[in-house]
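Chains as they are written, first to last, in the working numbering: chain A, 4 to 346; chain B, 6 to 364.
Since the hints were made in silico from the structure, they are not lab data.
Glycine included, each C-beta is placed from N, C-alpha and C at the ideal position.
You may find that some hints are simply not true.
What the hints assert, rightly or not - With a straight-line cut-off of 25 Å between C-alpha atoms, the simulated SDA-like cross-links for lysine to any residue are: (1) B:K172 to A:I247; (2) A:K244 to A:N309; (3) A:K244 to A:G315; (4) B:K127 to A:P267; (5) A:K129 to B:Y174; (6) A:K244 to B:V54; (7) A:K260 to B:V286; (8) B:K127 to A:G263; (9) A:K260 to B:S81.
To be verified - Sample of chain B residues facing chain A (criterion: CB under 7 Å; computed from the structure): (10) N88; (11) L90; (12) R114; (13) R117; (14) R118; (15) M123; (16) F125; (17) K127; (18) A129; (19) P132; (20) H133; (21) T143; (22) V146.
Stated by the list, open to error - Covered by chain B, per the in silico footprint, the following chain A stretches (three or more residues, Cβ under 8 Å): (23) 140 to 152; (24) 240 to 246; (25) 250 to 259.
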Amino acid sequence: MATYDFLFNGLGLRGWCDGGKTSDAPVSMADLLAKTGVKEEQTIWNLPFPSLNELNDACGSMAQSRDVTKGVEDGFLAAKDALRFVLDPLTQPLSWILDFTLAAFEVTPWWIMFPLLMVVVYLASKSVRLVGFVTVCLLFLALVDHYDHAMQTLAIIFVCAVLCVLFGVPIGIAMSRSDRLQRITIPVLDMLQTLPPFVYLIPLIFLFSVTEPKLYGIAIILYAIVPVIRLTDLGIRLVDKDVIEAADSFGMTDRQKLFGVQIPLALPNIMAGVNQTIMMSLAMVVIASLVSAPGLGVLVLRGIRNLELGVGLVSGLGIVLLAIILDRVTKAALNRVNAAQKQ
Amino acid sequence: MIGDAAVTDNVKISIRNLYKIFGADPKAALQHVLDGTSKPDLLKEHGHVLGLRDINVDIREGDITVIMGLSGSGKSTLIRHLNRLIEPTAGQVDVDGEDVLAYGEEKLRNLRRQIMSMVFQKFALLPHRTVAENAGTTLGVRGVSKREYLVEADKWLDRVGLHGYGKHYPHQLSGGMQQRVGIARALTSNSPIMLMDEAFSALDPLIRTDMQDLLLELQKELHKTIVFITHDLDEALKLADHLVILKDGYVVQQGEPQHILLNPNDPYIEDFVSDINRARVLRVRSIMTPLDDSGVPPEAHGEVGFDDTLESMIARSGGDTSHSYVVVQNGKPVGTLEMTSLVRALVPRIASESGARKY
Ligand SMILES: Nc1ncnc2c1ncn2[C@@H]1O[C@H](COP(=O)(O)OP(=O)(O)OP(=O)(O)O)[C@@H](O)[C@H]1O
Ligand SMILES: [Mg+2]
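Extracted from the complex, chain B is given alone in its bound form (with noise of 0.2 Å):
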């Protein structure tokens, strides 16, 4: 997260200027998107899909993306393109600085295999093999023994908690248990990025939560550049470092979390941010007011944490509304935080007459 030392601004992926459409003739059709037609004219007067319009995204190095957006607002068709699962109809896509649309089938291959792995939310396990060779795949089409596969690949599957399933074979494991293995395969390629589509999706909500504590406890070992989608806010919240929301295939607005949360641009992003628990997702350091030269104000109640959720600032308070805090951030004073500007940081913001939920 946040003020992580692994955290570098080591550009990894970016994402320029990247069109996609779908249909029998997508460069005419680029044409007329250019000129400015929307999704749905597209659709109804040229019969082509827009898949994503002018996407700029920089994914840096260490840090979990997620892309958010509602169902068919493009999610999977972007983390596609950084793969190339999909091709792009224009733009440019560039990983380490290499620009990925000009490798050829050899180096694609091998971008594949050793720099990005990939979770999938229906899982895209082999039935016919076992837990262990599931996990081994990843390793096995490098050429890699399967001796020595099987080695790695039980190794990561204690680290997620399937010590002893490697025998089993994958319909023999829960849903929950079965994307533990996905996630193992994933690791056990040992690739520097991991791609995440929805990866908790098809889970109930509390093996939900189970899985986001370990990817972010993972995360915490291994810095891998995880770009994460999903359609659910609190989960994009909860894991994101950079936060991109998609709507009709093109970014309504990208960037801190926090910041989103509190500066939404867009009624499409009210309308989502509406239904959040705000106290519980919204930290200290967001709403404080950094230290000036004045130093740490005397009539302080205490000292509180820097990124302490402000649910537990109201329990501190007591819901006394007059107090006011000194913000420690690695044992010293950063800013000061007003109870009053955290009530005001609270008001929920009402959900625009023209937002999301007409979609």
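Here chain A stands alone, though its shape is the one from the complex (with noise of 0.2 Å):
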């Protein structure tokens, strides 16, 4: 005798639902229980909500909460293959990119690698004092054997920050000459910024194999490169009217316009973005060793997994000292980028 009887009574679907066999979910545990177990008295007080599976227990015929779950799972698991037909190889390249790249940064002895690191930062940022931080921070991440842990962490970061501003940044251009494009784009763009982390990997899983690079590779890009696009759609729309107009005066095509005036002006906001683009994909990387991408994390992690307390710590301390030199070398180029457009 179950809750809602009276509703299927009422309604008279009795019929319909003993017809119907009982749903073949599997049973749950609390099913189980609930057959052991003594039925309580039923009070106003301790009314269930109609959910699916009260429902069910009055009326055989309707769905289990389960069988909701799992029709999920066989719906994806019905799209998997032809997703999987379309987008396996569309994103092969990115694991040949990744393993490339972890491979380069591995065969590139230290003292090739610290001199040309020195070298991009003060290119970037043309500030010794940041260089000699630099060199400290790396120095000691290669003084504590954390070297080769960081160096794949930074490929990772490299290619999927590099391939974040390649698909961000004209994604961004698109959506700033176009209002339609901007309103579809937005809610997407909430989404992945709003998801956790950890969701992004489930669908991600199932439709890649665990041991590919890609399957990393594509949870930081959609992860990281929310704010190169929104950031880039904003600079754009932000240029001053004014000079747009004077651009337009003196005849420039479309193209002159974008390369000569918007570009050059939305530069400040584009590059506000890849800095969080690259620290958003930092925070990614180090999740992402989760599903076998390498770097600290898979350390962070081993410090979780069998309780190295030092291990987990020290890691964690090559990740932080990792934001801030990525952090500080790019907010120096965009300082520097801010100056010398100073209105």
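Got two chains here, separate frames each, mind docking them using the hints?
Structural data, given as structure tokens:
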């Protein structure tokens, strides 16, 4: 005797209920317990919500909640092969690029890598102090034998951030030119930004095999591309209307306007987006170690799994140092752009 | 100015029956305007803004045509129709006899690159480019190489008094200097027509006078066709060969500035005019009596220039209203001037009660 029997009796659906065979979804633990337990007295105070499971108790033809999750799963699995067929070849280059870059960072000996990074930092920031700071950080990481892991993390961030910019900036430009595209894209971006990073991984694990680098590559790019798209769109929309009008009045073509006026003037915003994109890549690459992304995240994970407190904390410190380096360098580059365009 | 040899009677730009209505369905709203709906009524009853109504202006080659009006009277809207930064709702704009509105994209771009250049109230320089690069943009867009356009840009920067500033960035310059860059940029394009939308309004009064002098000096040499927008009557009177006064999107009065000053045909204009120092603005030529057959009167107290201001005449006569003078142009007597008619011309116009103040 279930709580909501009266509902189906009242609606004259009893025949339909008993006619349908009971759901073939697996029996839950709660159901088993309920079968053995003694039924409590029904009062208004413990009236259960008419959820799918409660209704199913009263009427065998109603679906159970488990049918819903099972349906989603079946649907996804059914679509999986088709999706895979399309996405697999499309994303394969990502695996190659990641493998290649990881290998390149690995085979480059440290005595080439160090000066190389110092030069890059100098070119981006034009600040000797920052070069000194970066060098000290790298020396520390190398000293405690975290150099290889740090380089792996750096390689992944490098690839993902470059791809984010490569895709994100054109998408942002397209959005800035079409209000319709912007209206369509913004909810997608909102969703990408609000989904917790772990949730990204679930469908990706089913679509691709866990051993493939592109799995974490896609997760990182999807997560980190949002700010660069948003800020490119915003930056171009914020370009001074008077300057755009002047450009029009001199007979600039759309192309001349885009490359000669809009992108240069939006550059501070775009750079701010790149900075955020890099920081988000770093956050995601640590989480992505759950799905076999190499780097410092693996050590953190080991610290958690094996309760190796020291390993976890030192690699955590390594991540913090890396974050500070990336942030400082991109901010310094951003400031240089800003200084050049002071109005 | 008037009497300048370069001024021809060639109409460079001719604006005919131009209407502009802002809103969702301008064509439908146009019908209401043609039926006589006023600007406030159009906004209240139909939700459309009347930008311009039935504008007819001829802009002559080599002239400075000044378009004047209060804020919101449609000055910017009008000047932007000339290079089609704004598309009209109805009407015709001819440049050198060609209908600009019929131009395709390519020809329009050509018009903007070769025929017209524009100077903006807020300068609108590119902050990431140097002063010389900015001045050269108008050539750069045509595909002229950087090396070539920098030479040309430097030449014009020198001409507007910015020698040696080519390598600076706009933000390192004062407002007046930035606008000089704006003018140099327009001049570098070497276009026959220059459009200036409140080009000097953002500058302080002294710098502003400097810039006006610079413009007149350049004009003496270059004889461009200039369309200049301002809301300042002093500026308009100083620069204008032809003055067009706009109000609520229509032309209230247009013509020779001195003529408008002496014969305002609308309370709106009388109100404008009442604030002005008439002695400093009015010139002998506007109030003299042309010579008739009787020849030069013998009792004249001396000769005065055709273009002298009335202020200099008062100084000269020492305030004696019984004097009269012979007006001379290019060494030849052309008229006579009685001091009494001078004083009459100076009688201030009382700002009418229904004048522009209430706007
Ligand atoms: N894009 C637009 N949409 C709607 N209304 C507009 C638009 N542009 C101008 N207007 C209206 O047209 C009228 C004329 O504007 P315009 O900018 O030409 O005035 P203006 O004489 O240049 O004024 P100001 O001296 O303030 O620059 C105003 O009433 C304004 O509100
Ligand atoms: Mg304006």
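Hints, verified against the model:
A distance of roughly 23 Å separates the Cα atoms of K172 (chain B) and I247 (chain A); the hinted pair therefore holds under the 25 Å criterion. Our distance criterion of 25 Å between C-alpha atoms is broken by K244 (chain A) and N309 (chain A), whose separation comes to about 58 Å. The hinted pair formed by K244 (chain A) and G315 (chain A) fails the criterion: a straight-line CA distance of about 52 Å is larger than 25 Å. The suggested pairing of K127 (chain B) with P267 (chain A) holds, with an alpha-carbon distance near 19 Å, which does not exceed 25 Å.
With a C-alpha separation of about 20 Å, the suggested pairing of K129 (chain A) with Y174 (chain B) holds against the 25 Å cut-off. In summary, the hint linking K244 (chain A) to V54 (chain B) is supported, as the alpha carbons are separated by about 21 Å, within the 25 Å threshold. With a CA separation close to 44 Å, the supplied pair K260 (chain A) and V286 (chain B) exceeds the 25 Å bound. For a cut-off of 25 Å, the pair hint linking K127 (chain B) to G263 (chain A) stands: about 19 Å separates their Cα positions.
A threshold of 25 Å between alpha carbons decides the hint, and for K260 (chain A) with S81 (chain B) the separation of about 22 Å falls inside it, so the pair holds. Here the hint on N88 (chain B) is kept, as its CB sits about 6 Å from the closest CB of chain A, short of 7 Å. A cut of 7 Å between beta carbons decides the hint on L90 (chain B): the least distance to chain A is about 6 Å, and the hint holds. A hinted interface residue such as R114 (chain B) counts as satisfied when its beta carbon comes closer than 7 Å to some beta carbon of chain A; here the least separation is about 4 Å, so the hint holds.
Contact between R117 (chain B) and chain A, as hinted, is supported at the beta carbon level, the nearest pair being about 3 Å apart and thus within 7 Å. Proximity of R118 (chain B) to chain A holds as hinted, the smallest CB-CB distance being about 4 Å (cut-off 7 Å). The beta carbon of M123 (chain B) comes within 4 Å of a beta carbon in chain A, closer than 7 Å, and the hint placing it at the interface holds. At a threshold of 7 Å, the smallest CB-CB gap from F125 (chain B) to chain A is about 6 Å, leaving the interface hint in force.
Satisfaction of the interface hint for K127 (chain B) is found here, the shortest Cβ-Cβ separation to chain A being roughly 5 Å, below the 7 Å cut-off. Annotation: A129 (chain B) was flagged as interfacial toward chain A, and the flag holds, the nearest CB pair being 4 Å apart, inside 7 Å. Among the interface hints, the one on P132 (chain B) holds; its C-beta lies about 5 Å from the nearest C-beta in chain A, closer than the 7 Å criterion. Given hint, H133 (chain B) at the interface with chain A, holds; its Cβ is 5 Å from that chain's nearest Cβ, closer than 7 Å.
Annotation: interface hint on T143 (chain B) holds; nearest CB of chain A at approximately 5 Å, less than 7 Å. With its C-beta approaching chain A no nearer than about 5 Å, V146 (chain B) sits inside the 7 Å limit, and its interface hint holds. Counting residues of the region 140 to 152 of chain A whose CB lies closer than 8 Å to any CB of chain B gives 0, so the stated coverage by that chain is violated, three being the minimum. Residue count for the region 240 to 246 of chain A with a Cβ under 8 Å from a Cβ of chain B: 3. That meets the three needed, and the coverage hint holds.
Interface restraint, the region 250 to 259 of chain A with chain B: holds (7 residues with C-beta to C-beta distance below 8 Å; minimum three).
Hint compliance for this structure: hints 2, 3, 7, 23 are not met, and every other hint is.
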